[in-house]
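These protein sequence lines are chains A and B, in that order. Numbering-wise (this note's numbering), the first sequence opens with residue 1 and increments by one. Numbering-wise (this note's numbering), the second sequence opens with residue 1 and increments by one.
These are computed hints drawn from the structure, not numbers from a lab. These numbers come from a predicted model, not from an experiment. All the given hints hold, so there is nothing to weed out.
Below, a list of computed lysine-lysine pairs in the BS3-like style, where the Cα atoms sit at most 30 Å apart:
{"#": "1", "chain 1": "B", "residue 1": "121", "chain 2": "A", "residue 2": "334"}
{"#": "2", "chain 1": "B", "residue 1": "138", "chain 2": "A", "residue 2": "538"}
{"#": "3", "chain 1": "A", "residue 1": "3", "chain 2": "B", "residue 2": "138"}
{"#": "4", "chain 1": "B", "residue 1": "160", "chain 2": "B", "residue 2": "135"}
{"#": "5", "chain 1": "B", "residue 1": "160", "chain 2": "A", "residue 2": "538"}
{"#": "6", "chain 1": "A", "residue 1": "538", "chain 2": "B", "residue 2": "132"}
{"#": "7", "chain 1": "A", "residue 1": "537", "chain 2": "B", "residue 2": "160"}
{"#": "8", "chain 1": "A", "residue 1": "3", "chain 2": "B", "residue 2": "170"}
Derived list of chain A stretches under chain B, where covered just means 3 residues or more per stretch with a C-beta under 8 Å from a C-beta of chain B:
{"#": "9", "segment": "165 to 176"}
{"#": "10", "segment": "345 to 354"}
The beta carbon of each residue, even a glycine, is placed where N, CA and C say it ideally should be.
Each chain, written out:
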Amino acid sequence: MKKLLLGDQAIAQGALDAGLSGVYAYPGTPSTEITEYIQEWCKHHPTSSVHNRWCTNEKTAMEAALGMSYAGKRALVCMKHVGMNVCADAFVNSAVTGVNGGVIVLAADDPSMHSSQNEQDSRFYGKFALIPILEPSNQQECYDMMAYGFDLSERLHLPVLMRIVTRLAHSRAVVQISETARPENPLSDPADPAGWVLLPARARRKYNELIAAQPLLQESSANSPFNKVLNDPKDFKDLKDSKAVIATGIGYNYLMENYPDGAPFPVLKLSQYPLPQQVVTDLAAQYKELLVIEDGQPFIEEQLIGVLPSANVIHGRLDGTLPRAGELNPDNVKQALGLPSAQAFTSCDTVVGRPPALCQGCGHRSVYEALNKVLANYPGSHVFGDIGCYTLGALPPYQALHSCVDMGASITMAKGAADAGIFPAIAVIGDSTFTHSGMTGLLDAVNENSPITVVISDNLTTGMTGGQDSAGTNKFEAICRGLGVADEHLKVVVPLPANMDEITRILREEIEYKGVSVIIPRRECIQTFARHAREKKKGL
Amino acid sequence: MKTDIILAGVGGQGILSIATIIGQAALDQGLYIKQAEVHGMSQRGGDVQSNLRISSDPIFSDLIPLGGADVIIAMEPMEALRYQPYLSKEGWVITATSPFVNIPNYPDVEAVNASLAKLPKVVRIDIEALAKANKMPKAANMILLGAAADALGMDFDLLKAAVRTVFAAKGDAIVEMNLRALEIGRENKG
Ligand code: SF4
Numbered sequence: 001m002k003k004l005l006l007g008d009q010a011i012a013q014g015a016l017d018a019g020l021s022g023v024y025a026y027p028g029t030p031s032t033e034i035t036e037y038i039q040e041w042c043k044h045h046p047t048s049s050v051h052n053r054w055c056t057n058e059k060t061a062m063e064a065a066l067g068m069s070y071a072g073k074r075a076l077v078c079m080k081h082v083g084m085n086v087c088a089d090a091f092v093n094s095a096v097t098g099v100n101g102g103v104i105v106l107a108a109d110d111p112s113m114h115s116s117q118n119e120q121d122s123r124f125y126g127k128f129a130l131i132p133i134l135e136p137s138n139q140q141e142c143y144d145m146m147a148y149g150f151d152l153s154e155r156l157h158l159p160v161l162m163r164i165v166t167r168l169a170h171s172r173a174v175v176q177i178s179e180t181a182r183p184e185n186p187l188s189d190p191a192d193p194a195g196w197v198l199l200p201a202r203a204r205r206k207y208n209e210l211i212a213a214q215p216l217l218q219e220s221s222a223n224s225p226f227n228k229v230l231n232d233p234k235d236f237k238d239l240k241d242s243k244a245v246i247a248t249g250i251g252y253n254y255l256m257e258n259y260p261d262g263a264p265f266p267v268l269k270l271s272q273y274p275l276p277q278q279v280v281t282d283l284a285a286q287y288k289e290l291l292v293i294e295d296g297q298p299f300i301e302e303q304l305i306g307v308l309p310s311a312n313v314i315h316g317r318l319d320g321t322l323p324r325a326g327e328l329n330p331d332n333v334k335q336a337l338g339l340p341s342a343q344a345f346t347s348c349d350t351v352v353g354r355p356p357a358l359c360q361g362c363g364h365r366s367v368y369e370a371l372n373k374v375l376a377n378y379p380g381s382h383v384f385g386d387i388g389c390y391t392l393g394a395l396p397p398y399q400a401l402h403s404c405v406d407m408g409a410s411i412t413m414a415k416g417a418a419d420a421g422i423f424p425a426i427a428v429i430g431d432s433t434f435t436h437s438g439m440t441g442l443l444d445a446v447n448e449n450s451p452i453t454v455v456i457s458d459n460l461t462t463g464m465t466g467g468q469d470s471a472g473t474n475k476f477e478a479i480c481r482g483l484g485v486a487d488e489h490l491k492v493v494v495p496l497p498a499n500m501d502e503i504t505r506i507l508r509e510e511i512e513y514k515g516v517s518v519i520i521p522r523r524e525c526i527q528t529f530a531r532h533a534r535e536k537k538k539g540l
Numbered sequence: 001m002k003t004d005i006i007l008a009g010v011g012g013q014g015i016l017s018i019a020t021i022i023g024q025a026a027l028d029q030g031l032y033i034k035q036a037e038v039h040g041m042s043q044r045g046g047d048v049q050s051n052l053r054i055s056s057d058p059i060f061s062d063l064i065p066l067g068g069a070d071v072i073i074a075m076e077p078m079e080a081l082r083y084q085p086y087l088s089k090e091g092w093v094i095t096a097t098s099p100f101v102n103i104p105n106y107p108d109v110e111a112v113n114a115s116l117a118k119l120p121k122v123v124r125i126d127i128e129a130l131a132k133a134n135k136m137p138k139a140a141n142m143i144l145l146g147a148a149a150d151a152l153g154m155d156f157d158l159l160k161a162a163v164r165t166v167f168a169a170k171g172d173a174i175v176e177m178n179l180r181a182l183e184i185g186r187e188n189k190g
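Next up, chain B with everything else stripped away, as it sits in the complex (with noise of 0.2 Å):
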């Protein structure tokens, strides 16, 4: 078994806790695993990606090879764009659908959904308004992570176990909420 993941968002958003999520998971399978992140000048509002690999076999690169991603999770919908070309031919694009911008030349939106139309899989799901709805302004990077398990092939069981282990020193309150959200994420794919 080997499940490639692009996660991509904008400096800032939190794609790095859904990667650590999921590498929770894998860990407590006993998966290998490789995570390949951002950190340094892009972090201040640029884009930023990291490079999720997990297998039952161990892995040689880093780095997701072009036309090599089984999953893109994005926290905007033109950051799951710029990564098209990692994506494999059968793969998944679970995006965000509220754009983020803090650019002037930012795209018009109807023509980021159009493009994003032409890949055969994806799951849009406008996370703000969920987790605005729910009171969980914090969690709508684990709305995502939900929306996308089955993409990921993954059991929600272990992903929720896997919120419990790495949201524990935060306090029970916290771990409710994000297992909520992963529950709202699942329910609200669409």
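Extracted from the complex, chain A is given alone in its bound form (with noise of 0.2 Å):
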């Protein structure tokens, strides 16, 4: 059967297709489409029992997994690469205790931070943690590798990194799917039911057979049907300009787009890691030069640095045939590969940017109005942001934001810097952020009865992702009680144009509280309010 796919979804249909028994997520961008899907499917299979349910944050989703994979069944986690930081204490002692049921753990890389803080790249945490990495080129690779992924996991006991970027994640292409699904994997104990308890004499006899396994980890990548050389190198030993590249994921696309023919030199295909060390060799061997076109960060081209002669020559990001930061495209591949462009016109300058904005309307908008108005009376107030649609306050009109680091950053750092005598310290995180990594901060600022205020924006979602539902819906006041934050100095207000004098003086109220005070702004996201009301007239 075929069907037009996204990358994600891809990955999705052929998780379900390969015996998958539950996806654990928290939304991010571009991994968000791949648990939409799956939680499409379930509705459309009402007998199905995969789990789907959005986590909290990605180390929530990571260990949910691993239990999962502990009691023998398939699990899938999927996060933007940012996530990767989150979990990572779960991905890395993954790789110890070694999975029973098959893991495998999805991060979508944003090079060119399209919706980003960082470029960094996942495939780096695979070799940290010393296990197999999976990176494909095409939607129809996503879709094969899910069945192969959780094979090699559980052949390896390992769990297994599959690594994609944006522009795979997010686009289209007919693949080629399977008419019958596997059947999910039944209850099972694992194999080594100690190795799950990492005390340190544990920990280090699983660690030592995760390094002995190595040598089969590049067994696997050499000979790896996603791996290949293509264009016998042996065809191309008298030629002139004895050149040949190793393009790994998409980058594989790029390099054959200026070769819809063939390219003429050998050309590597790389889709699974670790690096296999004798195929490089080998290649580098008759090839002094090598260009290497890899999406993300340098990670290739450093280890052939490491393992190759000084006689050979590695073009890449590196030495700047490639540009060091930002995603590959046909036009830097192109210039890499000394290749004239095509170009036409050049950019107009009659055009001018357009900076994405707050919805009008939105509750967000309010928030910042009402915290601008109060803080002119403030000169020395600074507001600590984080990571959602509000994180657009930083822009005109509101340029409201002094900082947007990580998830949750904004109570903590808020703290860090009443701790340092800047008052009044203010931050300002979304519902669906406090609880993925809020409230542990705000523990602290409440056992050191900080001076700092806290609003909770919440919109009843996760906005930014398109509108998923937000782990902590209707429990904020508690969840803050809970916490320790004092009633009196817990509020909440409609963030409306109408209750805008209300909430100007409950701000001024709680900046001057010398303690932790919580305000919560809270009206649903007109986005999802109006996808409700359409979802209701159609009667669902």
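Both chains are sitting in their own frames, so use the hints and assemble them into the complex.
Okay, structure coming up:
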């Protein structure tokens, strides 16, 4: 059967067809559509028991997946690249415990930062954890690699990291999918129950086993159906231009875009790691010059420099043949290959930037308007922001934020700044970000009675990624009280222009209070509000 | 055969439904397609585009190279200009004429029109006025697609069949309205 699918959707369908028992994820661009696809699929297959609810954050997702694997079943964990930082503890240790049911950890990287704060390349995490990494180059491979990856994970008893990038996650192509799905695994006991208790003595044993398994990983990469040398190097022996190209993931597409009838030099297409050392050294022995085309950071390039003799010349992102930062595209690859550009028109100077903005009528707007009004009287004030639609409050017309770093950092940075003497120190955080990573920071602040004002702008959803359920909905007052916020400094308001006087009054009062206050402006995101109205009309 | 199309607009203008129809028509002909979309932050009123590639041969890159686009279809005139470095020498620009002004520094409309006039093959069509006059405010994007049909080199009946398939679930009235929108676009492209 053929289906037109986004890379993300191909992964989801591939996992379902490979006997998936649960997906665990926190929404994050560009990975969100994987879990959404599985959720839709489950709605249409009411007898299915595949777990598909959103998790509170990537760490809880990773751990729950590991629990499912412990019980013998196949689990998929999905996140955007920075989610890897959040789940890193569980992720790295899952390579030490090993897995029972197959586990694939899907990290969607965002080179060029279309919707992100950095360009980190998740392949480094896979290498660091000493596990196999898959990097599909097209939507079909996204699909095919799920069955392959789960089998590999169960054969090696290790989690497998799959790394994609935005341009694959969010691009559609026709994918050949299976007519039948593999059944889910039955419950089973792990083969090495003691190895799941990482006391130092046992962790040392397990870690040694992990190291001892590395040659198997090498062998698997060397024989992987997804790694291949195209154009037999023998055919190019006499070529003057004795260059070979190593292209990984979607870098391969940008290479071939320039040579639709076949490249005039040998190409090593890489989609599974660890780097198959023998294959690479064989190629390098014949070709002095190697061009490495990889999206993200120079992961392969740096390894080659360490592995190959100094006689080899390696081109890529480190020597400037390709740009050091930003995503690959057909044009920068074309330039790296020394081919002329086909550009006919230069960019038009009439065109100006059109940055995104908060929707008209969004509740966050009233929050920033109120903050700006009140803080005009506090020249020393600083507002620490967080991650979500409301980060756009940093741009005109509000320009109300002084920081945005990582999930949850608003509260803890405000606390640190207050410790240092900044007054008023204000945190602005969304509801979903608060449960993701803000609660622990609030506890720190409560324990020290830090003079900070925390605004939890609650729109009842995870708005930025398109309106997924938010883990804490209806629980925020209880959570704050439970963490020790005093009742008289826990205020709920409705962020509407009509309530501006009330909101500004409360803000002023709470700023003047020399302890932790929490103000919760609560009004549904107008996008999900409109969607819910449509669904109601349709009688869903 | 190979057609590279850039769809441009502002988040929320509905460029993806145009892509879906063209994609469906391509699928019905058994062609290869790749369609890169923008999801995430820029959907909040920022500039958005989709690269749609259709070919009788396998397609490698999800993105169109500079100077490679055969057609730019834009829901907004300045957004059409944003992608002119991607336009091929002989490429077509099919653009709506009404500016979408959600930024304080939106350029002078005359300047936008003058820049468009410098490009060799441009179709400008006031899809909003047409949609309003024909009482189909939600089908402005299909009017634009109708205006682009010739430039796309696609059989008009195939596009109509694709509209039927894609809108089928929404009922006959919606299908008919969108079919009419396609026709209106084709007839009014000047
Ligand atoms: S999507 Fe929702 S939360 Fe985000 S800006 Fe729009 S209304 Fe506000």
